[in-house]
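Enquirer: Listed in order, the protein sequences are those of chains A and B. Just so we're on the same page, the numbering used here is the position in the first sequence counted from 1, plus 1427. Just so we're on the same page, the numbering used here is the position in the second sequence counted from 1, plus 1427.
With a straight-line Cα cutoff of 20 Å, these simulated PhoX-like cross-link-like pairs (lysine-lysine) come out:
#1 A:Lys1506 - B:Lys1547
#2 A:Lys1474 - A:Lys1504
#3 A:Lys1554 - B:Lys1432
#4 B:Lys1474 - B:Lys1504
#5 A:Lys1474 - B:Lys1547
#6 A:Lys1547 - B:Lys1474
#7 B:Lys1443 - A:Lys1547
#8 B:Lys1520 - A:Lys1547
#9 A:Lys1547 - B:Lys1506
#10 A:Lys1474 - A:Lys1506
#11 B:Lys1506 - B:Lys1520
#12 B:Lys1491 - B:Lys1474
#13 B:Lys1520 - B:Lys1504
#14 A:Lys1432 - B:Lys1547
#15 B:Lys1432 - A:Lys1547
#16 B:Lys1474 - B:Lys1490
#17 A:Lys1474 - A:Lys1490
#18 A:Lys1432 - A:Lys1443
#19 B:Lys1520 - B:Lys1474
#20 A:Lys1491 - A:Lys1474
#21 B:Lys1443 - B:Lys1432
#22 B:Lys1443 - B:Lys1474
#23 A:Lys1443 - A:Lys1474
#24 B:Lys1474 - B:Lys1506
#25 A:Lys1432 - B:Lys1554
#26 B:Lys1547 - A:Lys1443
Sample of chain A residues lacking proximity to chain B, with all beta carbon distances greater than 10 Å (derived):
#27 Lys1443
#28 Phe1444
#29 Ser1486
#30 Lys1490
#31 Ser1499
#32 Gly1500
#33 His1501
#34 Val1502
#35 Glu1560
#36 Arg1563
For the record, the hints were derived by calculation from the structure and aren't laboratory data. A virtual CB, placed ideally from N, CA and C, is assigned to each residue, including glycine.
What follows is each chain in one-letter form.
There are 2 protein chains.
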Amino acid sequence: VAADKNIEEGLAFVPKFGPDGLITAIAQDDVTAQVLMVAYMNDEALKLTLTTGNAVYFSRSRKKLWRKGEESGHVQKVKEVLVDCDQDCLILKVTVDQGQCHVGYQSCFYRKVTSGTTDKLTLVAEKVYDPAEAYRKK
Amino acid sequence: VAADKNIEEGLAFVPKFGPDGLITAIAQDDVTAQVLMVAYMNDEALKLTLTTGNAVYFSRSRKKLWRKGEESGHVQKVKEVLVDCDQDCLILKVTVDQGQCHVGYQSCFYRKVTSGTTDKLTLVAEKVYDPAEAYRKK
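Input sequences plus hints: build the corresponding full structure.
Expert: Rendered as structure tokens:
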């Protein structure tokens, strides 16, 4: 339909937030292309991200704005925001320091499903910092 | 809490589907690291993906299994499935042919928010095929 075609082919940014008011945002390292994490934004978080240049998400568990790095110090500088065809998902190309995941890894995706299984995981990364130590400092 | 720690640090794959029974899945090119698309899987789609080695999603609009490539021919061969810390998001590392997005681009993320604006988009890619032509052939 015409409306869909505008969304897909047009150059107006009309992000489609879900029924919960949120849009999915993927943070991808602008240098290495590694996917670091997936989080969510409400309209305010998205506006703040675009206007300040630092990634701001909406925490679904804490139900409030989450200025990435406010506790951990691991700020994400946003170089580019990409949007997909139906405008319901974003990619933030970010530059970051070491240790983006609160568990201690650079990326939240530090495990893969073990080949030939449907229920086992294999580690594919090593921790780059000790979160207990890092959060104690604050 | 202990349960969270098992999910984050454990090696059991216990994917957390949302209230709608779906989990977010990012398809990332295994060779170029480009993010191609974001889609959703129910338990059956995930099991089929892991056991067949071809990406199978659940189409939210059509409300049924979507064997990627069944109409377009653009199958995704799955090399690896990564899961994030809280196990509510997956990355499929895939090998693909040209033209993964139905609009005609290689990736669904063919536009970026124009620098200095919050409502305009700039194209960042060129079409790699003509979808009208491709779907007419079927």
